[in-house]
Amino acid sequence: MSQNINQKTGEGGYITTKLQELINWGRRNSLWPLPFGTACCAIEMMATLSSRYDLARFGAEVIRFSPRQSDLMIVSGRVCLKMMPVLIEVYNQMPEPKWCISMGACASTGGVFDTYTMIQGVDQYIPVDVYIPGCPPRPESLIDALMLIQEKIKRGEKQTKLYDRTRHPLDFQPVALVSDAAAGLPQLTGSRQSLPEKDVETQKQNFPAGPLERAVTHVERTLTRGKNGT
Amino acid sequence: MALDLPSLLASLKEHFGDDLLAQTEFRGQHVLRIRSTANLPVLRYLRDEAQFEMLTDVTCVDSLRLPPGMQKEYPERFAVVYQLYSLTHNERLRVKAFVPEEPCEIDSVTPLWEAANWGEREVFDMFGVVFKGHPDLKRILMPDNYTGHPLRKDYPLKGRGERDRFQKYTEMPER
Numbered sequence: 001m002s003q004n005i006n007q008k009t010g011e012g013g014y015i016t017t018k019l020q021e022l023i024n025w026g027r028r029n030s031l032w033p034l035p036f037g038t039a040c041c042a043i044e045m046m047a048t049l050s051s052r053y054d055l056a057r058f059g060a061e062v063i064r065f066s067p068r069q070s071d072l073m074i075v076s077g078r079v080c081l082k083m084m085p086v087l088i089e090v091y092n093q094m095p096e097p098k099w100c101i102s103m104g105a106c107a108s109t110g111g112v113f114d115t116y117t118m119i120q121g122v123d124q125y126i127p128v129d130v131y132i133p134g135c136p137p138r139p140e141s142l143i144d145a146l147m148l149i150q151e152k153i154k155r156g157e158k159q160t161k162l163y164d165r166t167r168h169p170l171d172f173q174p175v176a177l178v179s180d181a182a183a184g185l186p187q188l189t190g191s192r193q194s195l196p197e198k199d200v201e202t203q204k205q206n207f208p209a210g211p212l213e214r215a216v217t218h219v220e221r222t223l224t225r226g227k228n229g230t
Numbered sequence: 001m002a003l004d005l006p007s008l009l010a011s012l013k014e015h016f017g018d019d020l021l022a023q024t025e026f027r028g029q030h031v032l033r034i035r036s037t038a039n040l041p042v043l044r045y046l047r048d049e050a051q052f053e054m055l056t057d058v059t060c061v062d063s064l065r066l067p068p069g070m071q072k073e074y075p076e077r078f079a080v081v082y083q084l085y086s087l088t089h090n091e092r093l094r095v096k097a098f099v100p101e102e103p104c105e106i107d108s109v110t111p112l113w114e115a116a117n118w119g120e121r122e123v124f125d126m127f128g129v130v131f132k133g134h135p136d137l138k139r140i141l142m143p144d145n146y147t148g149h150p151l152r153k154d155y156p157l158k159g160r161g162e163r164d165r166f167q168k169y170t171e172m173p174e175r
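Chain order of the listed sequences is A and B.
Following my numbering, the numbering of the first sequence begins with 1 at its first residue and continues without gaps.
Following my numbering, the numbering of the second sequence begins with 1 at its first residue and continues without gaps.
Hints listed in this document are in silico derivations from the structure and should not be mistaken for laboratory results.
Computed from a prediction, not measured in an experiment: that's the story for all the values here.
Every residue gets a Cβ at the ideal spot worked out from N, C-alpha and C, and that includes glycine.
Please note that a few of the clues may not be correct.
To be verified - With the Cβ distance kept under 8 Å, some of the chain B side facing chain A (calculated, not the full set):
hint : residue
1    : Ala115
2    : Met142
3    : Pro143
4    : Pro150
5    : Leu157
6    : Lys158
7    : Glu162
8    : Arg163
What the hints assert, rightly or not - List time: in silico DSS-like cross-link candidates among lysine-lysine, alpha-carbon distance up to 30 Å:
hint : chain 1 : residue 1 : chain 2 : residue 2
9    : B       : Lys132    : B       : Lys72
10   : B       : Lys138    : B       : Lys153
11   : A       : Lys154    : A       : Lys18
12   : B       : Lys72     : B       : Lys153
13   : A       : Lys152    : A       : Lys98
14   : B       : Lys158    : A       : Lys82
15   : B       : Lys138    : A       : Lys82
16   : B       : Lys138    : B       : Lys158
17   : B       : Lys13     : B       : Lys138
18   : A       : Lys82     : B       : Lys153
19   : B       : Lys72     : B       : Lys13
20   : A       : Lys82     : B       : Lys13
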């Protein structure tokens, strides 16, 4: 090792590359995922990470539970109203460059949970690079998504950068829920007395005997049938 | 030692009279229907005299839009439901206290059972029933600044737009 650089002959072989490509090569083969697992998709994610599917083959086995040390966020599971500010906060704390996988139907679209508390797709609020369909997706799908991220890095694509236009990204603070009054919503009303006549008529037609009575009768009938062996 | 339910009922009737609305049974499950104003003394009696030492759950039923034939079962809109368990007798008892819409409040049973604390907070969060004397009555499931009580029957299933009210990211302009 006493040779200096002028004496190098190239006999050992050498490659030439662009610095950016070298950096991208390093990045895509050492993705450090941040698991944002909130539901059953997280179980599949754990299976993907463990020995059977072995995400280590793709250099992404170093799970970091600190956003400061990770560059790939895997949102796996439902995100509810109370979780969304946390998700935005954690995403903002990740250093750049960063990527995001939205794993499963719930994280991507809200899934079957079309209710008052469920965020209908995290991509409304944070930029997502790869969506994985499935409920929950197979580990192969997650591996495929990781490979898509790797290809994206290899191509040297610009990151999806979505920021609040009005503020510097570092100053970003998730905004909490706006109150009803501020959103111009009417006060909730509802009373047993104020049930419209039309509803009463409809209900009488729909449930002549009442749903509970009918259900009980049905259960009774089923049970008797089982007992008598008929 | 099995529980002597008829004599328990008789003594309850003697102690509380009209506050005891009804007692029903369905498939071996006993339900006691009471006025909301009497929940604390009735439950204290059940705990101390009838050995129902354990409160397994506190929950609530909203009977708005009940089919007309069933409205007599619910004299008021809300029913706060206490699920009791007796370790001594290996018996369970359900106590329903009917809470009107206005004022929508009932005494807290946290002086009797510590276990009621979070259950009552959940009922308050989801149904808006106020528990008087609760040590820390605040929301437990929904965010603190949420308004409305989502498990009430008049609350829209898909919410009132709360899930769309977060700050949205927009594309950053090129520099």
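>> Hint check: lysine 72 of chain B vs lysine 13 of chain B, CA-CA at most 30 Å. Holds or violated?
In response: OK: lysine 72 of chain B and lysine 13 of chain B at ~21 Å, within 30 Å.
> Are lysine 13 of chain B and lysine 138 of chain B close enough, with their CA atoms no more than 30 Å apart?
Replying inline: 35 Å, violated
> Does proline 150 of chain B meet its interface restraint, that is, does its C-beta lie within less than 8 Å of any C-beta in chain A?
Replying inline: Constraint on proline 150 of chain B satisfied, holds at 5 Å.
> Minimum Cβ distance from methionine 142 of chain B to chain A below 8 Å?
Replying inline: 7 Å, holds
>> Need the status of pair lysine 72 of chain B, lysine 153 of chain B: alpha-carbon distance at most 30 Å?
In response: 18 Å, holds
>> Next pair to validate is lysine 138 of chain B with lysine 158 of chain B; report whether the Cα-Cα distance is within 30 Å.
In response: 23 Å, holds
>> For a C-alpha distance cap of 30 Å, please report whether lysine 154 of chain A and lysine 18 of chain A respect it.
In response: It holds: about 12 Å lies between the C-alpha atoms, which stays within 30 Å.
> Is lysine 132 of chain B within 30 Å of lysine 72 of chain B, Cα to Cα?
Replying inline: 27 Å, holds
> Regarding the hint that glutamate 162 of chain B lies at the interface with chain A, is the smallest CB-CB distance below 8 Å?
Replying inline: 6 Å, holds
> Any CB of chain A closer than 8 Å to the CB of leucine 157 of chain B?
Replying inline: This interface hint holds because 6 Å falls under the 8 Å limit.
> Measuring from the C-beta of lysine 158 of chain B to each C-beta in chain A, is the shortest one below 8 Å?
Replying inline: 6 Å, holds
> Can we keep the alanine 115 of chain B interface hint, with Cβ of chain A closer than 8 Å?
Replying inline: Status violated, d = 24 Å.
Checked against the numbered hints given earlier, this structure breaks hints 1, 17 and 20; the rest are met.
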